[in-house]
Amino acid sequence: MDLKGRVHKFGNDVNTDYIISGRHKFKTLDMKELAKYVMEDLDPDFYSKIQAGDFIVGGSNFGCGSSREQAPLAIINADISAVIAKSFARIFYRNCINTGLPLIECDTDQIDENDELAIDLQAGVLHNLTKGMDIPITPLPKVMLKILSDGGLVEHFKKYGTFNFD
Amino acid sequence: MSKTIAEKILSRKSGHDVKANDIVIADLDFVMGQDGTSGLAINAFEQMRAAKVFNPERIAMVIDHSAPSPLAGVSALHQQMRKFAGEQKINFYDIGDGVCHQLLPEQGHVVPGNLVIGADSHTCTYGAINVFSTGVGSTDLAAGLVSGKLWFKVPETFKFILNGKLPAGVYSKDLILYLIGDVTADGATYMAAEYTGEVINNLSVEARFTISNMAIEMGAKCGLMEADQKTIDWVKAHSNKTFEAVKADEDAVYARVKEYDVSNLEPQIAKPHTVDNVCPISQVAGTPIQQGVIGTCTNGRIEDLRIAASILQDKKIAKNTRLIVAPSSRQVYLQAIQEGLIQVFVEAGAAVVTPGCGPCVGTHNGVPSDGENVISTANRNFKGRMGNPNAYIYLGSPATVAASVIAGKISDPREYVK
Ligand code: SF4
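Going down the list, the sequences are from chains A and B.
Okay, so the first sequence: first residue is 303 according to our numbering, each after it adds one.
Okay, so the second sequence: first residue is 80 according to our numbering, each after it adds one.
Think of the hints as simulated: they come from the structure by calculation, not from any bench.
Here a beta-carbon is modelled for each residue, glycine too, at the ideal position from N, C-alpha and C.
No farther apart than 25 Å at their CA atoms in a straight line, the calculated lysine-lysine pairs in the DSS-like style are these:
id: 1; chain 1: B; residue 1: K350; chain 2: B; residue 2: K398
id: 2; chain 1: A; residue 1: K444; chain 2: B; residue 2: K87
id: 3; chain 1: A; residue 1: K448; chain 2: B; residue 2: K232
id: 4; chain 1: A; residue 1: K334; chain 2: B; residue 2: K462
id: 5; chain 1: B; residue 1: K232; chain 2: A; residue 2: K460
id: 6; chain 1: A; residue 1: K311; chain 2: B; residue 2: K462
id: 7; chain 1: A; residue 1: K460; chain 2: A; residue 2: K448
id: 8; chain 1: B; residue 1: K98; chain 2: A; residue 2: K444
id: 9; chain 1: A; residue 1: K460; chain 2: B; residue 2: K162
id: 10; chain 1: A; residue 1: K460; chain 2: B; residue 2: K168
id: 11; chain 1: B; residue 1: K462; chain 2: A; residue 2: K338
id: 12; chain 1: A; residue 1: K461; chain 2: B; residue 2: K131
id: 13; chain 1: A; residue 1: K388; chain 2: B; residue 2: K232
id: 14; chain 1: B; residue 1: K232; chain 2: A; residue 2: K444
id: 15; chain 1: A; residue 1: K388; chain 2: B; residue 2: K462
id: 16; chain 1: B; residue 1: K228; chain 2: A; residue 2: K448
id: 17; chain 1: A; residue 1: K460; chain 2: B; residue 2: K131
id: 18; chain 1: B; residue 1: K462; chain 2: A; residue 2: K351
id: 19; chain 1: A; residue 1: K461; chain 2: B; residue 2: K228
id: 20; chain 1: A; residue 1: K460; chain 2: B; residue 2: K228
id: 21; chain 1: B; residue 1: K228; chain 2: A; residue 2: K444
id: 22; chain 1: B; residue 1: K98; chain 2: B; residue 2: K326
id: 23; chain 1: B; residue 1: K98; chain 2: A; residue 2: K448
id: 24; chain 1: B; residue 1: K232; chain 2: A; residue 2: K461
id: 25; chain 1: B; residue 1: K350; chain 2: B; residue 2: K462
Stretch by stretch, here's where chain A covers chain B in the computed footprint (C-beta under 8 Å, at least three residues):
id: 26; region: 122-132
id: 27; region: 220-227
id: 28; region: 265-275
id: 29; region: 433-446
id: 30; region: 452-463
Short derived list, chain A residues pointing at chain B, Cβ under 8 Å:
id: 31; residue: S323
id: 32; residue: S362
id: 33; residue: S368
id: 34; residue: S369
id: 35; residue: R370
id: 36; residue: S389
id: 37; residue: I393
id: 38; residue: R396
id: 39; residue: T464
id: 40; residue: F465
The whole structure should be built from the sequences, with the hints applied where relevant.
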């Protein structure tokens, strides 16, 4: 899986209320509609700046806060191809894997707004094309790779009817 | 091998002898969804092509986040939950029954030694009664509904040893705010927190729930305590289920251990816009307040209402200040009526709202205006949390909120507590 796109950079502790506010998440289960409000409280124009395939880049503890799965779903439906951060909050991490949104854990200090990145998930490398440097990424545990490669937990259950990591 | 509480529960439920960082598939004792997360879970359940839930008695759905419904879109979600709950014959709590995290222990669904998931981040609350309970998202919830199982990474444990005696006017809420401020919002990420020591032993079970409830605010997966005689008596008064509590081994291996003496602790306040932005109340006393909130899964229990009412008795809230009180369940509400607490709140000038999440998550029931300051007993003060990114949320104990609405500014409750 190769991903390529531009960076939208955020800071540490981006919580799920910022990703999609509680104001909006209860309104509808239409994720295309919710996607319009992604990151709204941090940057009201964010949605209009996204080009398909772009990356959201954060610092540490990305996705802290509530268990709302609308957070990864809104990101996916805003055509963001992956989230890159130094570390992720636990529930958000699970939710991304389960809904099929790739997460990349690596040092993000050398990644700035509007940088062009190319990511090779198999090889475990992130190329910062703008800066001409490679950044190693932390590999995902086997269980999570299996769920991601099945296309998320729903597809995994469709296939096996229960958990199957053999 | 010596084990922490988390390792013991996950060993028991997975049928393997596990240690921190192992990945296991474990059997769930109870599975919960609320109205913000169940809709997506029901959709996922259907997409998984499942016909029946694994065991209706071990599942509950709760309408608490937007209850009663403020919008047609929310009403549709509620209707979807009612339909699913009826078809699958699961436990169901409708508007006015209360907040999910109050209901699960209060209605006897969860007991010591259990493994529980809830599609709500504060599911860690039941750690106070020795339950490994943790928040998950909707798709995990769907997998739990279908199979009664979930995969877990066995967490390492961060042990907090709490010594000394909390001074008068300082409560378990102040203690947990202090700990979060000290270790920060990601101080225990991916870990189980274990809270021990004489301070915990001396707290009521209700006060302990407040501490475990906020374990997630330091990033923890669960916030565990051992079951002492108080826990066992409390659980037996609420549940007929049999249980086997779990103790940590003396020589269990901890990722981190921190010891505190709380004897000189002041009331604590979390300032906008993060829960770990904590200071002693003296640093922010005098900050004007437009709205106070007493309630939520953190501090809406009968003990909390008693403390707040004892301060508000025969007093009025300040002019141009509002107070919203949301009892955490119907049972708590009834008890508060019987004890005359609701009368105290209403006479003081409060608006008492439906048992449930109240204004906590910004869907209804008291969205603040631009530039306003709110003081709340809730567990989160993120920007926009209460529905307006231009408002400022301070967190404190029920006593602190009560003292602050009387003065119209952040005020130390110790003036009222002899
Ligand atoms: S009271 Fe607040 S924190 Fe608790 S479950 Fe409800 S919305 Fe979440």
